[in-house]
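Asks: Just so you know, the protein sequences line up as chains A and B, in that order.
Numbered by this note's numbering, the letters in the first sequence go through residues 72 to 442 in order.
Numbered by this note's numbering, the letters in the second sequence go through residues 17 to 291 in order.
Treat the hints with care, since some could be wrong.
[To be verified] With a Cα cut of at most 20 angstroms, we get these calculated SDA-like pairs of lysine to any residue:
#1 B:Lys33 / B:Val103
#2 B:Lys33 / A:Leu360
#3 B:Lys33 / A:Asp358
[Said to hold, decoys possible] These stretches of chain A come out as covered by chain B in the derived footprint (C-beta under 8 angstroms, 3 or more residues):
#4 199–207
#5 335–349
#6 373–379
Don't read these hints as lab results, they were simulated from the structure.
For each residue, glycine too, the CB sits at the ideal point set by N, CA and C.
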Amino acid sequence: MTDESGRFLERERFSVLFDLLRERGYHLVGPRIRDGAIVYGELPGPEDLPVGVRDLQGPGSYRLAPGDSGRHFAWANGPQALKPLLFSPRETLWDSRREADGSLSFSTPDTPSRPLAVIGVRACDLSALELQDRHFGKAPFPDPFYAARRRDLFLVAVDCSHPAETCFCASTGDGPDARSGFDLALGEIDEGFLVRPGSVKGRDLLRDLPLSSSDPVMEETLSNQTERARIFQQRTLPSQNLRGALAGRPDHPHWNSLATRCLSCGNCTSVCPTCFCFSEHEDPSLDGLSSQHVRQWDSCFTPGHSYIHPAPLRGETRFRYRQWLTHKLDYWHDQYGRSGCVGCGRCVSWCPVGIDFTADLPILLEEPDGR
Amino acid sequence: MTPSTLPVQKDPFSSRKPRVAVLKLASCDGCQLAFLGLGERLLELAAAVEFVHFAEMGPLGPLTDLDITFIEGSLSTREDLETVRSVRKESRYLVTIGACATSGGIQALRNLTSGESLSGIYPSPGFIDFLDRSTPVASEIPVDLELWGCPVTGEQILGALRSLLFGTTPPVEHDKVCLECKRRAIACVTVTMGVPCLGPVTLTGCGALCPSFNRGCYGCFGPSENPETSSLARKFAGLGLPPDEIARRFLFINSNAGPFREEGERWRGDHSHER
Ligand code: SF4
Ligand code: SF4
Ligand code: SF4
Ligand code: SF4
């Protein structure tokens, strides 16, 4: 029945996509409601998606409320990006053992290899993934744990139709519609989905989907909707390249004013889909014969992050906040050729005290004396 | 593996099994349970060290010639002062376990009163030789390591023991509860529900236990390094907490710990923030 040129998937047939992915050996993960937020979890079928809810986000605030849309994706991203699925919050990198003859032996845990299909990935997170790929995949020492999980990933993206109030992907050029980095992308309209492939794997799967041809009205509805999602976004990141702009203002008085609000809690770096810092420690057994070398998420807001004997270089909050923003928006250009912000707005919503750097940046970019 | 292969019997201790005491002052016994809750690992531990004195478990040997002494509870009576002075002389390493021994505990709330509340609790308070204030062990004697928590966890105890037995510096936790909360993918209760949470100014160690049950952190593991208590207190005010209630958040399990006490005192009985 599949129309060769078709790209329209009726809403009633959405579950076929899930079945096809399962048949191909993928374990399905997607957005679920848990503890008042939309977070990634096992996603057996479309009926498990957060249908009939909307998200109300603002600085330091996230609430779910009943929504009147029957759509599957009428809300924006929750606190998690793809990051925890690939860069594990905590994992053992190697085990060491003292053998009977006194020698030491080392072994690496098996690299994880469970093919994962993630359904409902947003544009901002695809851009962030590309940045994480560059960081963790860098030759000559790609991270084997990240690489193993990344290799077997199937990404079903969704164009955003309902950005949150905190989203500003349009100004960073990363959204609201998915442009690259996915296997399949869905544009959701009332009747169903307009599907487009983004990879060989995606094209292959697309052939088995029960698609029919879309009509020009559908196409227009989708592109208008994306345009509205773009215009809806009120926050912006100055589109200028900030390279040198923040690093050149280490003594700007506004850093101090930010520090009177910032808690140095690291929530922003934890939810940020591009932040990649980690710490490592040994976890020895009580008998002293073996030890696990563990890596876990760290943050530039911890003392350990800048610790050089005998003290952290960045002891005070103002230095830590300055480091976070200056690295993210300024040094990143030198490191990765672009800013480290993809405009997902998570650091705004999930900061317990609601610090919103899109409001502070213009002040930091002005000369202190107001010129 | 048999205990005879354990490196712990060498450096830094002599050839005998390390002698360990677990001592209790003014406390609820909850931290001692961190040992007993170790399960199988307690057997492993009991094979590696000799528990000389540990009332909750049984042995009540004399507190002399000790390699490692764990102290639970705060200094609350004159007798406590004598006990810790003498046990300090007898111990190579002395470790406090829990909020009571480390900051003065929940009973340090009486430090905030002028003593009048005691007569409401004890019919004849004169029978108890109590001190005016409940204070941490380190206020009287030098302490080698302080383990925060109400109660401490088995992991903390094992971590400390492992290091002391191996002669290495014990790992000291610096991260805040928030970091662990995010590592565990818990949705922030302050952001999703407007619940006041002490996580941003509290040391982790509990694994973000309360947020995982939709509760705000109570600050059991004490003030973190760089605790930005004023900003957090202002956030609590923004969530609608009146000053007295903000004060109570800070003046609770670790009311006698510097940064919590100072922030709590600022809001206590202060109604200038109210409109
Ligand atoms: S800096 Fe903030 S808005 Fe930008 S990508 Fe990170 S979390 Fe998202
Ligand atoms: S930042 Fe853009 S792509 Fe990301 S959730 Fe918001 S609207 Fe969607
Ligand atoms: S900016 Fe907000 S989330 Fe980030 S460390 Fe400061 S208080 Fe925490
Ligand atoms: S729930 Fe508490 S501990 Fe967890 S992130 Fe929020 S403020 Fe921090």
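Asks: Which numbered conditions among the earlier hints are violated in the structure presented, ordered from lowest to highest?
Replies: Going through the list in order, the structure violates hint 4 alone and respects the others.
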